[in-house]
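With chain D held as given, fit chain H onto it using these hints.
Residue numbers (this note's numbering), protein chains in the order written: chain D, 32 to 205; chain H, 215 to 791.
Mixed in with the good hints there might be a few duds.
[As the list claims (entries may be wrong)] Just so you have them, the derived chain D footprint on chain H, three or more residues with Cβ under 8 Å:
(1) 346-356
(2) 404-413
(3) 524-536
[To be verified] Below 30 Å or equal to it, Euclidean Cα-Cα: the simulated DSSO-like pairs (lysine-lysine) are:
(4) Lys436(H) to Lys540(H)
(5) Lys106(D) to Lys374(H)
(6) Lys364(H) to Lys71(D)
(7) Lys100(D) to Lys406(H)
(8) Lys201(D) to Lys731(H)
I should point out that these hints are in silico values taken from the structure, not numbers from a laboratory.
Glycine is no exception: its CB is placed at the ideal position from the N, C-alpha and C atoms.
Next come the chains, spelled out residue by residue.
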Amino acid sequence: MKNQWFTISVYSENNVGLLNRISGIFLKRHINIESLNVSKSEIDEVSKFTIVVYTTEQWVHNIVGQIEKQIEVIKAFYHKDDETIYQESALFKIDSALLFDERQIQNIIKESNSQIVTVSREFFVLAKSGRRPEIDEMYEQLKPYGIMQFVRSGRISVTKDEMQISALLKELKV
Amino acid sequence: METIKEKQSSSKPKSTIKISGAEAIIHCLLAEGVDLLYGYPGGAIMPVYDELYKFQDKLTHILTRHEQGATHAAQGYARVSGRVGVAMATSGPGATNLVTGLADAQIDSTPMVCITGQVPRHLLGSDAFQETDIIGISTPVTKWNYQITKASEIPEILAKAFFIAKSGRPGPVLVDITKNAQFDEFEFSYEKCKGVRSYNPAPKPNMGAIDAAAALINKAKKPFIVWGQGVILGEAEEELKAVIEKAGIPAAWTIMGESAIPTNHPLNVGMVGMHGNYGPNILTNECDVLIAVGMRFDDRVTGSLDTYAKQAKVVHFEIDPAEINKNVPADVAVLGNSKETLALLLPKLEKSSHEDWNNEFKKKRDIEFEQVIKNDIHPTKEGLTMGEVIEQINIASKNKAVIVSDVGQHQMIACRYAKFAQSKSNITSGGLGTMGFGLPAAIGAKQGAMDREVVAIIGDGGYQMTIQELGVIFQHQIPVKIVVLNNDHLGMVRQWQELFFDKRYASTVMVNPDFVKIAEGYHIEAKRVSKREDLKATIETMIASDKPYFLEVKVEKEDNVFPMIPSGASVSDIRLK
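Extracted from the complex, chain D is given alone in its bound form:
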């Protein structure tokens, strides 16, 4: 079975220690987490983990089974890239002088569809949301001019299919 990208979505209670428990499931199988995001979900008091891994379908099936088995996990799913709508965000901190000295920088900003978040005398910050290759491309374009700081978020994703977590919670209601 070949390796592919999978997005794992985990709906859980918001409890101390659960992140450790979930990351341990990957550690035990020597699988690297490519990206991880934890946020609130569409349901009150339910958190959502979005985890990206590059592995085989057999492994991701096993991992999702083990995740779902954790007491505080309500439901876990995995999806291939074409089954989800997903994005990442990145921030680039760049020397302000370049904005005036290098004409190309302005073109990169326009063409990449990124936003200027802030400008000061010393630096300005660009924000870019999109798929991984788009952010990578912008990074490669800016790199020759010097990037003072760079950071990229974990993937966030919603599925094309319905998740039906609320219905599940109703069923489990105790």
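Just chain H, lined up with the frame of chain D:
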């Protein structure tokens, strides 16, 4: 429910006056029906021990000589009684010493609640004396864990701990309680946990899956059942027996499933796995429908997965959805408690006897008897064999004993040759293979079934890993029978060195102390046998004794356990010698 209410009311404090967190812990344990726990005191758990002192008429605390012993004793207790075992320890080293027992209980699905003391809330994260992050450490080896930092959390969390430990696929739970939460006072009330929103202990049986399973089984010419501990944990022994008898299906067990069906049942064809029986292993690759019940296709059972039962349709009865398709893909997965699912299956099965197919097992049994079993239990050579010791214990105890084993050659021999008439009788460390499990687990097993004979079978290696628990047996006069099968070697490792490492015997020879004198040092009656003519009578004396008894049997130093499926080989490649 009546008994629960009764117990609750008798343990409840008289009015709604405030009580300390430590006292609340005791009331929670009593409300859960706990009357016995194992543990070891220390700084961060002292307020709870102070309350244990006050409640000693209702709650017996057994001071093990090491916290690991407390966990294995709690496991032994849980495994024979079906109740939740409880162990308690202080913070830091007390807590870390629980880890092996937690890991053992996790992999063998044993219901256990461990309570650890922790440094006060305001010192958390300061590297205080005896502070360790036991929540972080125990996360991978617990079904659930939680740190309590406020007294008021105690009732709800402990109720949840017992519910989670026992329900669904059981497992160990650790609750870490900061010292301030033990001292602080609050208004106590207790309610048993009836469910946890995000946790579904057992999936509801799906009739479609049961119909599909029945159709496959009814059509099968060579159906074969392999059952595991799920049958014992789900108390589905009678349901399984009814299924195999009605459909005439030969049934084998994993090491953890042993004793669920009596050894002498005609359809019980023995053990699968690395040192299991010849027939069930080799015929796994000849059956047409493989019916797995409450087992998880461990690598010690399957050998190489690439060549495991490829010809067969697989029906998997299992409570834990994560086990489906984990190792062996299931053609039909029947989720749920096996007690329910097997009962639903039974009326859909057609009566059958599969005589020719069952005869295949008998033929293979005869081959194994000639080449292995005969020499193991009726040896003609001079040295004593482990197998003949087990056989004498069977005879003396009339197959009624609980057999607790440690890990290694003696364990395989005990599981191969011990005979059982009753379920929950074979207590061993199956998944983790924890040397040192046997002696403390036997203490717990005896206390969990005081009316039963409990015989611990232990090797000279594992015995010395937890030998200090003889102190518990002496102090509380717990009448367990301890049999050390001494070959002055780490026998199983030695066997692998002989077979797979060109006889390079690295660190497997043991120069042992006088085990009889050590037992006598604890004032335990002790005997050593090194001649065949003394074996039968000594074992009879041991079984007849109503006191703790220690027996060392000097066995052949370089015997090997066969049959054997070499690690990573196919079940078809099982070796008889």
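Now for the hints, and whether the structure bears them out:
Counting residues of the region 346-356 of chain H whose CB lies closer than 8 Å to any CB of chain D gives 4, so the stated coverage by that chain holds, three being the minimum. Coverage of the region 404-413 of chain H by chain D holds in this model, with 6 residues showing a Cβ closer than 8 Å to a Cβ of that chain against a need of three. Coverage of a stretch by a chain is defined here by at least three residues with a beta carbon nearer than 8 Å to that chain's beta carbons; for the region 524-536 of chain H and chain D the count is 3, and the condition holds. Restraint check for Lys436(H) and Lys540(H): the C-alpha separation of about 24 Å stays at or below 30 Å, so the hint holds.
With a C-alpha separation of about 20 Å, the suggested pairing of Lys106(D) with Lys374(H) holds against the 30 Å cut-off. For a cut-off of 30 Å, the pair hint linking Lys364(H) to Lys71(D) stands: about 26 Å separates their Cα positions. Under the criterion of a C-alpha separation no larger than 30 Å, the hint pairing Lys100(D) with Lys406(H) is consistent with the structure, at around 22 Å. For the proposed pair Lys201(D) and Lys731(H), the alpha carbon gap of about 64 Å is over 30 Å, so the pair is violated.
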